[in-house]
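Chemist: For this one, chain A is given, so just place chain B on it according to the hints.
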Amino acid sequence: MSDDDRAINDQTGSAITLSALRNAFPLFIPAIPFGLVLGVAITNSAMPTAVAWSTNIAVFAGAAQLATVSLAATATWLTLVATAAVINLRHVMYSAALSPRFNDQPRWFRWVGPFFLIDQLFALMSARNEIRGSEWRRFYLSAGIFYFSSWTTVVTLGMLAGSSIPTEWRLDVAPAIMFAGLVVMGLANRPGIVAAVVGAVVCLLALDVPNNGGILVGAISGVIAGYLADVDESRRDDQRAAAVG
Amino acid sequence: MSTFAAIAAVLSVGIITYASRAGLIVFLADRPLPANITRALRYVGPAVLSALAVNLVAGGQGIVGVEFVEVAAIGVAIVVTAITRNLIAALAAGMTVLWLLLWLS
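Residue numbers (the working numbering), protein chains in the order written: chain A, 1 to 245; chain B, 246 to 350.
Hints are not guaranteed to be accurate.
[Claimed, not checked] Facing chain A, a subset of chain B residues (Cβ under 10 Å, in silico): (1) 246; (2) 251; (3) 267; (4) 288; (5) 295; (6) 297; (7) 315; (8) 344; (9) 349; (10) 350.
Derived from the structure by calculation, the hints contain no laboratory data. Bear in mind the structure is a predicted one, so any value in this text is a computation, not a measurement. For each residue, glycine too, the CB sits at the ideal point set by N, CA and C.
Next up, chain A with everything else stripped away, as it sits in the complex (with noise of 0.2 Å):
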C-alpha cells in the first residue's frame, strides 16, 4: 500500500505546510541579496525590462538568471544558452540524488515537481527523510511555492529599490556563508567530510574553468571522493566484524 492510499486529514496538511514555511524560510534569507542584485541586473539588461524579468517564472534559478539577463550585452544566443547549461549540470545532480524520493509519487507531481528545484529546496528535501508519500509532497509544494513568490516579489523589489542598499554592507558574502552552513547541517558521516573537503579544494584549485565550469569539476571530485571514502570504510567494517567473528 502507498502513502497516498492513506489520506491526510487537513489538520496533518496545514501542520505539514507551517513546518514546511518554518524549515523553508531561514535558507531563504541569503537568497535576498542576490535576488536584489538580479533585479538590479534586470533593469540594467540589454533584453527589454519585461522580458528579463519573465526570467523568474520561466527559468526560476539566481545563477542561470543573472547570467542570461547580464550576458545579453554581449553573448550570443548560442553562448548564453551553453552558459546556462553549464551553470545548471549541478541540477541533473540534484535530480538524480532525489528521484528515489519519487518512486511512489504521481505522475503529475513528477513533472511539476522539478520546476521548483532550487539549491534551498534540494537542500531541505534532501535532509527530509522521515516523511514519505503524500506528506513528502506536500512539504515539498509548500516550500517550492513559497520559495517561487518570495523570490519573484525580492527580485521585483530589487528591481524598484535594490539600487540604495549600499555595497559595503557586503551582503553579497551571505550566500557562500549560508551554503558552507548546509553543507556542515548535512554532513553525517566520515565520507561525508572527505566529499565536501574536496568539493571545495578542487572547486578552488579550478576557478579559472570558464563559465563557472569550476562548481561541476569540483563537485564531481567531490562525489568520487566521498563514494571511496565510503566503500573503504564499509570495507573496514567488514574486515573488523571478520577480525570479531
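Modeler: Leaving out everything else, chain B in the frame of chain A:
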C-alpha cells in the same frame, strides 16, 4: 537585443533549466537506482554545496577574488553551525565577524 531574440533566449534557457531538473526524475523514477549510484549520490549534496560556496567567494574573479575577511567569516560560520546546528546563528556570527574585520581594517 530585439524583443524576439530576447524572448527566444529566455525560453531556451527556461527549457534547458527545466530539462536539467526534470530529466532524471521523470524518466528514472519508476526504476530503483543501482546500489552503487545511490551510494555515490549521498555525497552530491556536500560536494556541490561546498564547491558552490567556494565559487561564490571567488565571485567570478578566480583565486584573487577570495578575500581574507570572507574566509574568516565563513570559518566562524562553519564552527557555529557545527556547535549550534542553527543556520541563522551561523549567518549572524559570520556577518558580525565580517563587519568587525572590515571596521578594524
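Chemist: Evaluate each hint against the coordinates.
Modeler: Here is what the structure says about each hint:
1. For residue 246 of chain B, the shortest C-beta to C-beta distance to chain A is roughly 5 Å, which falls under 10 Å, so the interface hint holds.
2. With 10 Å as the threshold, the beta carbon of residue 251 of chain B comes within range of chain A, its nearest partner Cβ sitting at about 4 Å, so the hint holds.
3. Annotation: interface hint on residue 267 of chain B holds; nearest CB of chain A at approximately 4 Å, less than 10 Å.
4. Below 10 Å, beta-carbon pairs count as interface contacts, and residue 288 of chain B has one with chain A at about 3 Å; its hint therefore holds.
5. Interface restraint check for residue 295 of chain B: the shortest CB-CB distance to chain A comes to about 4 Å, inside 10 Å, so the restraint holds.
6. Residue-level restraint check for residue 297 of chain B holds (minimum Cβ-Cβ distance to chain A is 5 Å; threshold 10 Å).
7. With 10 Å as the threshold, the beta carbon of residue 315 of chain B comes within range of chain A, its nearest partner Cβ sitting at about 5 Å, so the hint holds.
8. A distance limit of 10 Å between C-beta atoms decides the matter here; for residue 344 of chain B the minimum to chain A is near 8 Å, and the interface restraint holds.
9. Because the closest C-beta pair between residue 349 of chain B and chain A is about 14 Å apart, greater than 10 Å, the hint is violated.
10. Residue-level restraint check for residue 350 of chain B is violated (minimum Cβ-Cβ distance to chain A is 12 Å; threshold 10 Å).
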